[in-house]
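Undergrad: In the order they appear, the protein sequences are chains A and B.
The numbering of the first sequence is our numbering, which starts it at 5 and goes up by one.
The numbering of the second sequence is our numbering, which starts it at 5 and goes up by one.
Since the hints were made in silico from the structure, they are not lab data.
Hints are supplied without guarantee of correctness; some may be wrong.
Partial list, computed: chain B residues near chain A (C-beta under 7 Å) [to be verified]:
#, residue
1, E249
2, P267
3, L277
Estimated spans, in silico, between C-beta atoms of each pair [unchecked claim]:
#, chain 1, residue 1, chain 2, residue 2, range
4, A, D93, B, Q226, 36 to 44 Å
5, B, R37, A, D93, 36 to 44 Å
6, A, G309, B, P64, 53 to 61 Å
7, A, G178, B, T60, 55 to 63 Å
8, B, R273, A, D93, 31 to 39 Å
Just so you know, even glycine gets a beta-carbon here, dropped at the ideal spot from N, CA and C.
Protein chains: 2
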Amino acid sequence: MEHALGVDVGGTKVATALVATDGTVAGGVKERRHGARDRDELVEAIALSVRKARATAPGPVVGVGLACAGTVDRDTGTVVVSPNLPLKDDPLAALVEHEVGLPVVLDNDVNAALTAEARLGAARGVRNGVMITLGTGVGGALLIEGKIHRGAHGCAGEIGHMIVDAHGDPCRCGGKGCLEAYVAAPGFERIGFRTVGLFERGAFTGELIGRLAEEGSAAAMQSLETIGWWLGVGISNVVSLLDPEVVIVGGGLGNLGELLLGPARRVVRRHPLPPARDRVRVEQAELGTAAGAIGAGLVAWEQRGADAG
Amino acid sequence: MEHALGVDVGGTKVATALVATDGTVAGGVKERRHGARDRDELVEAIALSVRKARATAPGPVVGVGLACAGTVDRDTGTVVVSPNLPLKDDPLAALVEHEVGLPVVLDNDVNAALTAEARLGAARGVRNGVMITLGTGVGGALLIEGKIHRGAHGCAGEIGHMIVDAHGDPCRCGGKGCLEAYVAAPGFERIGFRTVGLFERGAFTGELIGRLAEEGSAAAMQSLETIGWWLGVGISNVVSLLDPEVVIVGGGLGNLGELLLGPARRVVRRHPLPPARDRVRVEQAELGTAAGAIGAGLVAWEQRGADAG
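For reference, chain A alone in the conformation it holds in the complex (with noise of 0.2 Å):
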């Protein structure tokens, strides 16, 4: 049986994951940690655990997709600029090839993961549907009549820098009032450290928030409510402009569910104009951190049937 083999490129571990044409995935998703300090180093990675992938397959592999944080250039299979790897302008996908024989496509780890949750998870059978994670930063993807938008250059589903208050917190793109600066990671902190006042700036963390809201602490519930409520602005910014049928939640701090996704739904329910505002559902991700890896699997049989015409 022939695979595709997804490959999701972190700053400290790759995750590898043999994908079959109708999505299963044989022997689960695999991560392997590297401390790549540069280009060659990672590209060095990404081979051996492209190799070790390869040994393990039941049948041949067809050919290897690779999904990246930051904005890359899917046609020319080029990390135009990352904020985790060190790549900057670097053909990935033509050196990962030359290492490894094999046909390779790079893609956003955001639209690989929409990919892998529109075939197998919150989004199956979805037109149009939109994702959102979050965790150090914000991540973005959206689905629109049933492809995934890249836009002009590569950069669509930038959600974390809308602006939605725009004389508000410093977002660490230099910005105000970006979306990222009240539900990523630093927000959480920020947030937290000012609703509940009782924590040491930088101790408050999504983990530590989320088991506080577990053992009923109000003012950790007090907090999750203020950035839900920014999270349902965020989303608000999304219906009005694209109409979407589903907003999926995913990221690390996505994993918090219901805690941010209540009160990110009161806001989504009166903000935007009637029908989208009643219509749109607003769900968490169903495949957690594998989306990536098996998403750049499916990315990898999109090409290859683009490939055979």
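Put chain B on the given structure of chain A with help from the hints.
TA: Chain B alone, transformed into the frame defined by chain A:
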């Protein structure tokens, strides 16, 4: 020579254009005032305009395209809700079809205008573009991979209700800090009043501000700088999410042109992530108020092609 009849249905006027399949308009765009207070009077006014226009056609009229402000369901030809027409969940296409005996297709007015700009105006040759119209309210339309994107429920493109200042000025939708609160007529009035302080509240219209700016009024320029800054914030959000090639600004207040677009571009060049912010063009619409009727005619041609194919 065959023509489709494009009809732009406004709250006080009906504009018609006889549009050939190549976009040529026979005899210019004609406007007729109407005083329709309910659905039946409006259908009658539209039917009258259709008959008058048809009588002047140099050959057969193959179909009618209607463009209306508001949320429309193109598939069923229904006006779901409109800010300026006495319609709610009314099957306008079928009602007009019954009166005029021609196939009728219905679309949102900004979708029609962008269709025209993409064929004949400021978005010629563009596959990914966005149109924003500034007037009593803010309208929007999205061209994605060469097609108008209407969304899952016909609501896509509500750029005016993106929240840009979550604790900001009230919007007529009941929300706070919508883009529309800053860059449509009430925002002009409010910002002009705040900035300039010389006028009676309510006297500070787009027309007046444009005239004052042309006469060299520093206060008027300062108001436009502020309004243009907010427009830049809104355009930045659209660019972050969709990464288009061009954003076109039209509508009555869009006629202020560079007085607004200059300040807006300065925000856009700084805010969304590169390379999108460096490459997107921000341009004034080219077809003016004729775009709706001409685009409605093009939509009728599109529909005829789809029905035939």
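Undergrad: Go ahead and decide if the range 55 to 63 Å is satisfied by the Cβ distance of A/G178 to B/T60.
TA: holds, 57 Å
Undergrad: Take the shortest C-beta to C-beta distance between B/P267 and chain A; is it under 7 Å?
TA: violated, 14 Å
Undergrad: Kindly confirm whether 36 to 44 Å is satisfied by the beta carbon distance between A/D93 and B/Q226.
TA: holds, 41 Å
Undergrad: Using 7 Å as the Cβ threshold, decide whether B/L277 counts as touching chain A.
TA: With a minimum Cβ separation of about 6 Å from chain A (threshold 7 Å), the hint on B/L277 holds.
Undergrad: Does the nearest C-beta of chain A fall within a distance shorter than 7 Å of the C-beta of B/E249?
TA: holds, 5 Å
Undergrad: Is the distance from the Cβ of A/G309 to the Cβ of B/P64 consistent with 53 to 61 Å?
TA: violated, 44 Å
Undergrad: Lying within 36 to 44 Å: is that true of the beta-carbon distance B/R37 to A/D93?
TA: Given a distance of about 58 Å, which is not inside 36 to 44 Å, the answer is violated.
Undergrad: B/R273 and A/D93, beta-carbon distance inside 31 to 39 Å?
TA: violated, 20 Å
Hint check: violations occur at hints 2, 5, 6 and 8; the rest are consistent with the structure.
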